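Enquirer: The residues making up each chain are set out below.
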Amino acid sequence: MTQLPATTQRKLGLVIDLDTCVGCHACVVSCKGWNTENYGAPLSDQNAYDGAASGTFLNRVHSYEVQPLATSEMPHPAAQLIHFPKSCLHCEDAPCVTVCPTGASYKRVEDGIVLVNESDCIGCGLCAWACPYGARELDAAEGVMKKCTLCVDRIYNENLPEVDRVPACVRTCPAGARHFGDFADPESHVSKLSAERGGMDLMPEQGTKPVNKYLPPRPKDQMDRAGEVDVLAPFLEPVVEEPRGFLGWLDKALERI
Amino acid sequence: MTFNQPKIETSPKVSDEVRKTTCYMCACRCGINVHLKGGKVAYIEGNRDHPVNRGVLCAKGSAGIMQVNAPSRLRAPLKRVGPRGSGEFEEISWDEALQIATDWLEPIRKDNPEKLAFFTGRDQSQSFTSFWAQNFGTPNYAAHGGFCSVNMAAAGIYTMGGAFWEFGQPDWDHTKLFMLFGVAEDHDSNPIKMGIGKIKARGARVIGVNPIRTGYNAVADDWVGITPGTDGLFILSLVHELMKAGRIDLDYLARFTNAPVLVNGDEKSPEYGLFLRDAVGKPLVIDRKTGKLTAFDKPGVRPDLRATHRAAGVTHRPILHLMAERYLDKKYAPEAVAERCGIRPEKIRSIAAELARVAFDEAFELDHEWTDFRGEKHTRMVGRPVSFHAMRGVSAHSNGFQTCRALHVLQILLGSVEVPGGFRFKPPYPKPVSAHPKPHVGVNPSAPLNGPHLGFVEGPDDLALKEDGTPARIDKAFTWENPMSAHGLMHMVISNAHAGDPYKIDTLFMYMANMSWNSSMNTKGVMEMLTDTDDNGEYVIPRIIYSDAYSSEMVAYADLILPDTTYLERHDCISLLDRPICEADGAADAIRWPVIEPDRDVRGFQTVLVQLANRMKLPGFTNEDGSAKYHDYADYMVNHERRPGVGPLAGWRIGEKGLNHGRGAPNPSQLESYIANGGFCVKHIPDGANYYKPWNVAYQDWAVEIGLYDTPQPYVFELYVETMRKFQLAAEGHGDRQPPDNLRERIKATMDPLPIWYAPFEDGNVDPVEFPIHALTQRPMAMYHSWGTQNAWLRQIHGRNPLYVPTRIWEANGFQEDDWAKVTSAHGEITVPVAHMAALNENTIWTWNAIGKRKGAWALGEDASEATRGFLLNHLIHELQPPKGDGLRWSNSDPITGQAAWFDLRVKIEKTAAPTESLPSFDPIASPVGQGPEQLTWKVGK
Chain P
1 MTQLPATTQR
11 KLGLVIDLDT
21 CVGCHACVVS
31 CKGWNTENYG
41 APLSDQNAYD
51 GAASGTFLNR
61 VHSYEVQPLA
71 TSEMPHPAAQ
81 LIHFPKSCLH
91 CEDAPCVTVC
101 PTGASYKRVE
111 DGIVLVNESD
121 CIGCGLCAWA
131 CPYGARELDA
141 AEGVMKKCTL
151 CVDRIYNENL
161 PEVDRVPACV
171 RTCPAGARHF
181 GDFADPESHV
191 SKLSAERGGM
201 DLMPEQGTKP
211 VNKYLPPRPK
221 DQMDRAGEVD
231 VLAPFLEPVV
241 EEPRGFLGWL
251 DKALERI
Chain A
1 MTFNQPKIET
11 SPKVSDEVRK
21 TTCYMCACRC
31 GINVHLKGGK
41 VAYIEGNRDH
51 PVNRGVLCAK
61 GSAGIMQVNA
71 PSRLRAPLKR
81 VGPRGSGEFE
91 EISWDEALQI
101 ATDWLEPIRK
111 DNPEKLAFFT
121 GRDQSQSFTS
131 FWAQNFGTPN
141 YAAHGGFCSV
151 NMAAAGIYTM
161 GGAFWEFGQP
171 DWDHTKLFML
181 FGVAEDHDSN
191 PIKMGIGKIK
201 ARGARVIGVN
211 PIRTGYNAVA
221 DDWVGITPGT
231 DGLFILSLVH
241 ELMKAGRIDL
251 DYLARFTNAP
261 VLVNGDEKSP
271 EYGLFLRDAV
281 GKPLVIDRKT
291 GKLTAFDKPG
301 VRPDLRATHR
311 AAGVTHRPIL
321 HLMAERYLDK
331 KYAPEAVAER
341 CGIRPEKIRS
351 IAAELARVAF
361 DEAFELDHEW
371 TDFRGEKHTR
381 MVGRPVSFHA
391 MRGVSAHSNG
401 FQTCRALHVL
411 QILLGSVEVP
421 GGFRFKPPYP
431 KPVSAHPKPH
441 VGVNPSAPLN
451 GPHLGFVEGP
461 DDLALKEDGT
471 PARIDKAFTW
481 ENPMSAHGLM
491 HMVISNAHAG
501 DPYKIDTLFM
511 YMANMSWNSS
521 MNTKGVMEML
531 TDTDDNGEYV
541 IPRIIYSDAY
551 SSEMVAYADL
561 ILPDTTYLER
571 HDCISLLDRP
581 ICEADGAADA
591 IRWPVIEPDR
601 DVRGFQTVLV
611 QLANRMKLPG
621 FTNEDGSAKY
631 HDYADYMVNH
641 ERRPGVGPLA
651 GWRIGEKGLN
661 HGRGAPNPSQ
671 LESYIANGGF
681 CVKHIPDGAN
691 YYKPWNVAYQ
701 DWAVEIGLYD
711 TPQPYVFELY
721 VETMRKFQLA
731 AEGHGDRQPP
741 DNLRERIKAT
751 MDPLPIWYAP
761 FEDGNVDPVE
771 FPIHALTQRP
781 MAMYHSWGTQ
791 NAWLRQIHGR
801 NPLYVPTRIW
811 EANGFQEDDW
821 AKVTSAHGEI
831 TVPVAHMAAL
841 NENTIWTWNA
851 IGKRKGAWAL
861 GEDASEATRG
871 FLLNHLIHEL
881 QPPKGDGLRW
891 SNSDPITGQA
901 AWFDLRVKIE
911 KTAAPTESLP
921 SFDPIASPVG
931 QGPEQLTWKV
941 GK
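Here the protein sequences come in this chain order: P and A. Just so we're aligned, residue 1 is where the first sequence starts under this note's numbering, counting upward by one. Just so we're aligned, residue 1 is where the second sequence starts under this note's numbering, counting upward by one.
Simulated from the structure, these hints should not be mistaken for lab results. For clarity, every value in this text was computed on a predicted model and none was experimentally measured. Incorrect hints may appear among the rest.
As the list claims (entries may be wrong) - Straight line, CA to CA, 20 Å or less: simulated EDC-like cross-link-like pairs of lysine to aspartate or glutamate:
#, chain 1, residue 1, chain 2, residue 2
1, A, K13, P, E237
2, P, K252, A, D287
3, A, K942, P, E142
Between the sequences and the hints, there should be enough to build the whole structure, so can you do that?
Expert: Okay, here's the thing in structure tokens:
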């Protein structure tokens with residue numbers, strides 16, 4: 001089967017902020033647009049205008065509901081909705097590469113991007129089966145495996161202004177929830193952001209050492225904590241109890257202006 | 001296999017050319033870079049220089065390429081050959097189409113222009129379409145505001161001279177607490193997403209108030225899962241708490257609002273509740289320095305919030321007194337409203353405390369000198385870093401106007417409007433009611449209407465009534481039923497035209513409004529009205545002309561179709577005369593231009609209106625010698641002048657010292673300048689003029705300089721809207737113009753000049769025990785109304801719309817995954833697939849808006865998930881309230897503005913066996929464009 005490089009010079013990847021992602025799918029469609037027109041075969045769509053349409057996407061947003069358990073501190077926790085964008089995590093120990101029977105799947109030495117060489121891909125689907133994240137999709141029209149390229153044809157592209165040499169999903173994200181950079185450089189924006197915000201590996205128990213990191217949502221609904229109203233009470237100390245008292249207060253308050 | 005890394009091309013050519021224009025995948029109007037290869041659209045991305053989106057782009061925008069190639073695009077003008085509703089048409093030439101339309105319209109204009117009802121739906125050219133309608137002479141014109149968010153717009157303008165979205169925005173750079181009430185997530189969506197991302201990055205907090213926790217509410221730090229229709233009550237409880245704690249901005253209230261204005265307190269007086277005014281009509285206050293009655297705007301006056309005035313035996317009290325009396329009442333205490341709102345009292349109190357803490361304890365100052373309209377100089381600008389935003393969720397109720405008013409009053413009490421960190425207006429707002437037109441309905445044969453159709457009434461005298469007191473407009477806008485209906489009532493047009501109430505019409509002419517499907521209440525009934533015939537076998541609505549770019553459900557119900565272009569094939573102007581794209585720091589407008597040419601026999605609708613105007617030689621479109629002023633819309637955009645020096649586009653006009661932005665003569669090269677600049681123009685507001693705009697002399701002078709208005713228009717915010725009191729006085733029997741007796745009590749109860757809350761009308765019209773559940777729709781961020789369904793990419797994101805059911809109702813009905821439910825309202829029933837959702841108000845069910853499709857529409861196959869499992873809630877909502885036994889027709893609308901009360905809906909739900917498809921289902925309509933291809937492998941470059 002196919003070998004991974006022993007090390008890569010850079011580790012390019014994404015930080016995805018789950019505290020900020022509103023689930024708008026901007027990244028999904030921007031990715032679809034760029035990668036339909038660019039790298040390799042177009043991302044095809046079946047049943048495009050009938051039935052339940054089904055096409056190839058390299059990036060999808062899934063939404064998960066979370067129902068926190070009641071605690072003494074939070075007796076009535078509200079359910080939460082977490083939007084979870086998912087694409088290839090460009091793992092250091094990428095099982096999709098090592099399982100490839102033809103060498104079509106590979107991880108680049110210079111930047112760690114995992115790619116599929118479509119001319120060598122026989123569409124056997126082993127890599128999709130090996131990927132624990134479901135990040136690869138076999139294109140039904142072309143019969144080759146498609147996956148996130150980290151926009152390898154954008155990030156070095158000298159035909160683009162330098163500011164645009166980022167993946168399409170990062171450039172388009174309206175909420176600024178997606179960040180691109182080199183995790184091999186501890187001083188990079190993504191390394192620092194991940195360190196500050198407790199960036200997490202997805203399913204670390206799989207041993208894939210994903211490069212992409214997810215920033216966890218900040219704690220929600222803190223106003224629902226028992227006693228929160230008491231903490232805030234001083235900011236709302238009543239000055240009047242009855243409508244009539246208001247004018248008396250007003251007299252005094254106006255004197256101070 | 002050994003390690004084997006191929007060489008790849010990492011610098012492929014991106015495109016041959018980039019053309020910059022304005023998106024139209026929804027109403028946000030972001031700037032886009034359209035990459036072309038071989039003249040075809042290869043890729044669309046956001047324009048980094050554009051003031052609206054700064055380079056980002058949403059899912060809809062990036063999917064524009066699939067809209068431009070959509071198989072549902074109409075291809076040529078169509079003449080109906082089958083019965084209405086069948087979808088059977090023949091293609092005709094433009095010459096024939098324009099001749100048919102002219103032959104229908106010209107006699108109407110000569111006979112009685114009111115027989116034309118011209119309503120444009122999601123129109124972004126209302127200053128132009130209204131100009132056309134005005135010159136035709138019909139009073140029956142409006143766009144879709146009446147069934148969208150007129151409550152928000154009208155409440156904002158009547159209260160503070162501007163509202164949310166196009167009117168203003170939070171001060172994203174300084175705000176520390178952002179509170180968001182029910183919004184359509186497809187409106188202003190990129191700016192809000194960008195703003196939320198920005199403030200979250202700096203640790204500012206977001207509070208989301210919405211029965212449904214999706215989208216923005218999903219990322220909100222705190223979520224308030226409020227019961228639908230109770231937002232106003234919740235807000236007034238916050239007001240109660242803030243006033244009780246004295247946590248209101250007295251200095252701001254005294255200077256910049258009508259809180260100190262004196263109000264007549266004599267219950268027997270015909271002036272009861274009106275302002276004490278001086279000889280020239282200016283509202284009076286007591287000056288704190290002199291203790292004397294003084295005009296509110298006199299230079300140097302320090303209005304007193306405390307002192308009352310007694311004259312001729314009548315006590316006049318400042319408005320703040322009336323507010324204290326009302327809102328300190330215990331009926332607004334958190335404990336009193338909690339159950340109704342579905343919010344724990346502790347949480348209401350915590351939110352009030354947090355608002356107070358951030359507004360006052362985190363106040364800050366900017367070192368900008370400025371001078372106010374009374375001539376007082378200020379050395380600094382006080383910031384109150386609390387901001388709000390709201391939209392359709394709070395406004396689409398029969399209590400929506402008062403709710404929106406309540407929200408603005410809350411903002412104003414906190415002193416957080418037009419101050420750093422708060423809510424900021426975007427030019428041409430702020431703009432007081434007095435600077436807006438009033439409604440006009442003066443109809444004369446072969447003559448223009450006597451003024452603009454829509455406007456802001458200031459009392460009963462401004463209502464649009466005929467001499468006999470009957471409504472002058474087909475939609476009954478500006479009548480006693482809904483006196484302040486500033487955007488008209490598009491949702492009542494077909495119903496009223498069918499009923500001949502207030503009169504019959506001859507031709508219904510519509511644009512971009514899917515009235516036989518998702519844009520109407522009572523969809524099935526509307527289809528019947530559109531196809532109904534009289535005793536002679538003639539259609540009750542004799543003629544229908546419709547313009548759309550796509551094969552929507554409405555196409556089948558028209559007699560003549562004028563096919564529009566897609567947004568990349570047309571000229572448009574996003575004008576300061578209309579709904580511009582300004583930011584709080586600058587005036588901005590934009591264009592669309594044909595970045596590709598149509599490959600079909602279609603024309604931009606606005607150009608078609610110009611061509612029709614030329615055939616009819618409408619004044620306003622015709623020179624004195626009878627020749628046409630404009631040959632197409634682009635010509636109008638450049639050469640039309642609304643007032644001398646002020647045209648549709650403010651950029652690159654010929655001023656006294658050369659090209660400038662603002663006032664100036666038409667410039668024949670104007671569009672080239674826009675195109676060279678990326679399709680837009682921005683003129684920045686000078687530092688020191690960019691906050692406190694309604695009162696800031698520097699801003700007012702700047703607004704006059706660039707042509708927003710011709711003289712400075714300073715004003716104070718209207719906590720108390722005197723206009724509303726005038727309608728109440730009429731209902732109490734004062735004045736010459738009197739409401740019908742059956743409306744008196746409702747007007748007295750609802751037209752309160754200070755914000756009130758009353759239960760949505762549906763609560764009283766249907767039995768809340770039988771129909772205990774609230775039912776709503778939400779707009780997804782990745783789909784704009786019905787348009788998205790034809791889009792091969794977007795329909796993979798939102799191709800079906802289950803009915804989301806909260807845990808309590810889910811368990812009570814024993815629902816399981818893949819179950820179906822029958823949902824019943826007082827009006828109708830639907831049978832639809834259900835899904836469980838926990839992050840939801842426990843008495844609310846909801847679904848995505850406008851996903852369900854009629855078979856045969858939008859070039860979709862008959863097995864399309866939208867047509868088999870998708871559904872509309874519209875079938876459950878009637879445009880009229882249930883009969884009350886008084887023999888009268890009561891519109892399902894807000895009684896003040898006429899806004900469609902979509903979200904008042906109450907239902908019951910029960911589990912049912914799965915049908916073969918969602919119910920009701922309708923026969924397929926014949927597709928005039930065939931069906932889209934089975935598979936797409938779209939790539940324009942090789």
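Enquirer: Now, for every hint given, state plainly whether the structure supports it.
Expert: Do the hints match the structure? See the list:
| no. | hint | verdict |
| --- | --- | --- |
| 1 | A:K13 to P:E237 | violated (65 Å) |
| 2 | P:K252 to A:D287 | holds (17 Å) |
| 3 | A:K942 to P:E142 | holds (15 Å) |
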